[in-house]
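Novice: One letter stands for each residue in the lines below.
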Amino acid sequence: MYCYFFHLFIYRKKVRESPKTLPSISFLLCSKQSFEFFPPDSVTCSLGHTPRAFNGPTMSLRVLNPNAEVLNKSAALHMNINAAKGLQDVLKTNLGPKGTIKMLVGGAGDIKLTKDGNTLLKEMQIQNPTAIMIARTAVAQDDISGDGTTSTVLFIGELMKQSERYIDEGMHPRVLVDGFEIAKRATLQFLEKFKTPVVMGSEPDKEILKMVARTTLRTKLYEGLADQLTDIVVNAVLCVRKPDEPIDLFMVEIMHMRHKFDVDTRLVEGLVLDHGSRHPDMKRRAENCYILTCNISLEYEKSEINAGFFYSNAEQREAMVAAERRSVDERVKKIIELKNKVCAGNDSNFVVINQKGIDPPSLHLLQQAGIVALRRAKRRNMERLVLACGGEAVNSVDDLTPDCLGWAGLVYEHVLGEDKYTFVENVRHPHSCTILIKGPNDHTIAQIKDAVRDGLRAVKNTIEDEAVILGAGAFEVAARQHLINEVKKTVQGRAQLGVEAFADALLVVPKTLAENSGLDTQDVIIGLTGEHDRGNIVGLNQQTGEPMDPQMEGIFDNYSVKRQIINSGK
Amino acid sequence: MREIVTVQVGSFANFIGSHFWNFQDEMLGLAADPYGDPVFKTQSLNMDVIYRTGETHQGTTTYTPRLLSIDFQGSLGSVSSKGTLYGEGSNEPSEVVTWAGHVSTHASEPQKKNLFLQSLYQEEQDAPLTNGINGEAKDSQHEIQDTDISLYEVNGLWMDAKQFDNYGIGRDVFMENLRGEEICDKLRFFVEECDHIQGFQFIVDDSGGFCPLAADFLESVSDEYTNTPVLLYAVRGPSSHMSLSSRKQTVVRDLHDAVSFSRLSSFCKMIVPVGLPSLSRSKTSTFLNIEDENPYHCSAVYAAALHSTSLPFCMEPLGPTADLSDVSGAVDVNGFVQMLAGQSRQNMVAILDVAMPSPWKQDKQSLLRNLQPLTPEVAEDVDDLQAVESMIVHGAIGSGGHRLSVSEVKNAIHGAYECATTRPMFCHLSAARCPLPIPLPFPSIFGNLVGQHGELLGSPILGSSSRGSLDVHSIPMAARMRSSRAIMPFLENRLANLHKFGIERGCPGTELLRSWGFGKDELEDMGETLSKMVRTIGPHSDISSDSD
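Chains as they are written, first to last, in this note's numbering: chain Z, 2 to 571; chain G, 390 to 937.
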């Protein structure tokens with residue numbers, strides 16, 4: 002919080018060439034109106050030239066830069082607070098399963114639909130330095146824990162709002178910040194006590210993972226689809242999970258197809274590649290396949306030295322062409338030899354998936370040998386293929402052995418218009434899988450993608466935290482009661498007010514949840530705190546507005562996400 | 390077929406790109422036009438080199454540029470990144486299928502047209518359509534489907550485009566948020582499709598924060614596609630040459646120039662700096678009427694030059710017996726780069742010269758004299774015995790007003806070189822009959838001495854001082870790439886600046902460069918590489934190259 006409050010002086014360099022565009026700072030105070038229609042592509046908080054927050058004596062600043070514009074301390078403070086509130090207002094309606102999805106219409110008429118705080122923040126062109134700082138905190142939150150962008154922004158905004166009240170009453174920001182500091186530490190301690198431990202042995206409790214995934218997904222998608230995706234997401238993470246190793250979510254490929262409906266989204270145990278073979282006569286469908294994953298160039302490359310090509314008759318030319326290609330052909334032949342070795346006497350097939358290129362003559366040779374070959378696979382897919390099918394990636398034809406081959410029960414190509422997809426399915430012990438997102442249009446696909454991404458992170462966090470937190474605002478209310486009833490009494494002097502402000506700011510989550518469901522905020526808060534005082538830990542039922550037990554409903558949040566949010570409130 | 394994938398990074402690069410693709414579109418359109426000039430209907434220029442052909446669900450053939458364009462979010466302005474240019478109407482989703490709750494719409498104000506379109510419309514208003522019929526016929530034939538242009542918008546930076554102006558600011562852009570991976574994936578999509586990719590053509594605006602992005606991208610490209618040559622045009626818009634007020638800003642810019650040049654040049658096979666501080670006062674624009682500060686004008690000239698230099702890559706390689714009437718001198722990117730940068734001297738920095746339009750006079754010397762550099766900081770009249778040149782002349786018109794055949798052009802050029810006082814060691818000549826077509830969206834930059842087919846008139850046309858695409862339909866062009874000692878000042882300036890501001894003890898830029906992520910060792914390496922480049926073309930290099 003230090004950084005927000007102690008930027009008392011704001012100066013701005015006047016840029017020579019455009020004196021007429023210098024805006025007044027005062028407009029920042031009209032936060033509500035100007036933020037209501039937050040256009041995705043236009044400058045929202047345009048200060049023209051971003052002022053730099055500066056902490057220094059006014060006079061010396063004037064000496065250094067005579068053009069600097071200086072705001073007195075309260076105006077600067079209010080500007081910072083208003084920026085935070087403005088950002089909060091934009092993201093507020095996103096929160097929770099009753100939140101509002103936002104349709105962003107760009108200046109060119111292009112449309113984006115999003116309910117993800119992270120996506121929304123990135124679409125906005127924020128220019129106020131305070132707002133940028135908050136946005137960066139929130140995006141960092143997403144980078145680290147995969148969720149909680151909206152909550153972070155809401156919490157910081159609310160913290161600023163609460164402190165504004167006290168500062169207006171004449172309290173010094175420094176004292177307030179001391180209170181925050183104490184409250185934060187106490188809340189983090191409380192979080193340790195409050196969390197519900199989950200034992201993650203070799204077989205994680207699938208039910209609890211499902212509940213966490215469902216809680217996240219339902220804030221992004223409608224219930225039916227969310228429930229369907231819950232299983233997909235949980236199974237995907239469990240598929241790539243290896244005991245005693247951190248989970249690498251990159252091993253879950255997310256592939257999308259503009260095809261059929263959103264409910265056709267499915268988990269492919271295996272891999273889906275977004276390209277097909279480039280030879281018209283190669284098999285479109287092959288069963289019982291040996292998979293060769295390799296990174297070998299099968300392209301004829303010109304030598305680095307400029308060499309002429311002299312010939313006097315057609316045979317000579319043929320011979321020279323053959324000689325030029327010989328090294329490439331030899332590599333292809335080695336692959337074909339391997340194929341003949343492993344496929345002799347059975348009805349299995351052979352598929353080559355190469356990270357480097359394969360040129361048409363090589364493709365033709367491979368096709369003649371009955372091999373399906375794909376070129377220029379994604380670098381990540383090379384890792385995924387090995388995890389999905391087994392075997393190992395080969396970098397040189399000299400390393401070719403039957404042992405480095407993987408196996409897949411079915412490989413087939415699916416053509417959609419100009420796009421080709423290759424499915425590698427029915428693998429034996431997959432440690433990599435693909436979530437195949439389908440949807441009738443790009444918006445649907447993008448929505449599901451956002452949701453799946455969050456769901457995966459939520460499940461991963463749960464496994465790694467070995468703990469969950471009761472959701473639906475239960476934690477926030479409990480923490481607030483803890484701060485008010487216990488912590489505040491231990492604090493001396495005016496820092497108490499800081500603790501109180503922090504405690505009240507925590508309530509922003511249940512408050513916003515209630516507001517988004519169309520419930521009366523005050524009723525809800527009174528109901529919730531009353532139950533908590535009686536010793537029942539309850540969250541908000543968004544259908545009825547009544548308190549309910551989140552454990553019964555299966556509403557759980559991530560421990561690490563909550564922890565991060567509280568930390569970022571500093 | 391030998392495909393080229395084009396990558397445009399940064400705003401001025403995209404300005405040039407827009408003009409460049411307009412030329413290509415015009416070429417395609419004229420080739421398909423049954424009433425068009427037969428000179429464009431040549432089989433020998435294969436436009437598929439830079440285009441990919443596809444088919445829509447309705448079965449119409451589409452041409453999509455094999456192009457990856459990287460710019461700020463919103464830089465497309467009113468052009469939607471998904472829809473077509475020709476107004477298919479926005480496909481607003483009637484309902485949100487994935488969410489049962491509320492939907493709120495946040496509409497931003499209709500975007501201002503981007504600078505390119507703004508300039509375009511403004512020019513159109515300035516020049517009333519006197520020649521309307523001609524224009525319409527051109528427009529309707531060919532539609533480039535814009536749907537598949539791979540545009541990558543950099544979003545979530547939260548800063549003003551004005552501030553995105555030096556190396557340090559853009560340093561992490563490529564790495565952040567998996568951006569790099571997404572960009573590489575988009576490139577992979579094009580490369581996967583190519584049977585024999587001949588090279589990448591990068592157009593990079595190296596004046597601002599896009600430079601580190603481009604450098605990081607190039608690094609991963611050179612890693613992933615090791616044997617595919619990269620030809621890089623480092624372009625500069627007119628605004629980047631503004632004189633700066635304070636010494637500090639000058640230091641920042643000089644350091645940026647030095648660092649960005651050395652970073653970019655280390656990941657490509659050949660680098661061509663393009664962009665003069667004042668195009669209108671240079672000799673290039675003798676017949677042109679250019680406003681210096683207008684990027685729309687300047688980029689048109691640079692794009693024309695780029696079009697010419699890329700023509701040899703599109704020419705069909707012919708057997709020795711084939712007819713030479715349309716084109717000659719086909720070369721692929723690899724050969725081109727080898728020829729200029731790979732000879733004994735290994736100088737990878739080339740100079741781009743252009744004559745636009747290129748007049749054809751009996752006086753043979755004027756042919757060569759008209760070629761004027763677009764590369765900044767180039768020495769004039771340098772006597773370099775080891776210079777290597779590659780020249781392309783296309784659409785030349787003879788004195789009688791007829792198009793010269795390729796062999797006539799070749800003879801004339803060879804003749805010109807024979808009696809020239811300074812001769813390069815080697816000159817490769819490409820020629821084509823087909824001139825540079827001027828598309829409708831083109832600034833009025835031609836002077837009043839330029840005729841309808843780009844020929845030079847004896848007396849100025851009265852009435853207008855500048856002529857646009859309605860008056861001038863095509864122009865003959867000549868462009869030349871040369872690897873010569875003339876680039877010396879360019880290199881020396883960068884080397885000196887790097888030493889003066891970055892490496893020497895107690896210099897002003899050390900702290901700044903550290904914040905850009907360059908330690909002392911890296912800077913010394915950079916300095917070493919630059920001075921090696923200077924040495925290779927330096928006057929003493931003759932001795933060393935003689936010895937091997």
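Derived from the structure by calculation, the hints contain no laboratory data.
Take the hints with a grain of salt, since some may be wrong.
As the list claims (entries may be wrong) - Below, in silico cross-link-like pairs of lysine to aspartate or glutamate (EDC-like), each with a Cα-Cα straight-line distance of 16 Å or less:
1) Z:Lys357 <-> G:Glu581
2) Z:Lys86 <-> Z:Glu165
3) G:Lys889 <-> G:Glu844
4) G:Lys575 <-> Z:Asp275
5) Z:Lys421 <-> G:Glu581
6) Z:Lys421 <-> G:Asp910
7) G:Lys575 <-> Z:Asp420
Predicted model only: the values in this text are computed from it and were never measured.
Novice: State for each hint whether it applies.
Specialist: So, going through the hints one by one against the coordinates:
1. Using a Cα cut-off of 16 Å, the hinted pair Z:Lys357 and G:Glu581 holds, with the two alpha carbons roughly 9 Å apart.
2. Taken as a hint, the Z:Lys86 and Z:Glu165 pair is honoured in the structure, with Cα atoms around 11 Å apart against an allowance of 16 Å.
3. With a C-alpha separation of about 48 Å, the suggested pairing of G:Lys889 with G:Glu844 is violated against the 16 Å cut-off.
4. For the proposed pair G:Lys575 and Z:Asp275, the alpha carbon gap of about 12 Å is at most 16 Å, so the pair holds.
5. A distance of roughly 12 Å separates the Cα atoms of Z:Lys421 and G:Glu581; the hinted pair therefore holds under the 16 Å criterion.
6. At most 16 Å may separate the alpha-carbon atoms for a hinted pair to count; Z:Lys421 and G:Asp910 exceed this at roughly 48 Å.
7. At roughly 14 Å between alpha-carbon atoms, G:Lys575 and Z:Asp420 fall within 16 Å of each other, so this suggested pair holds.
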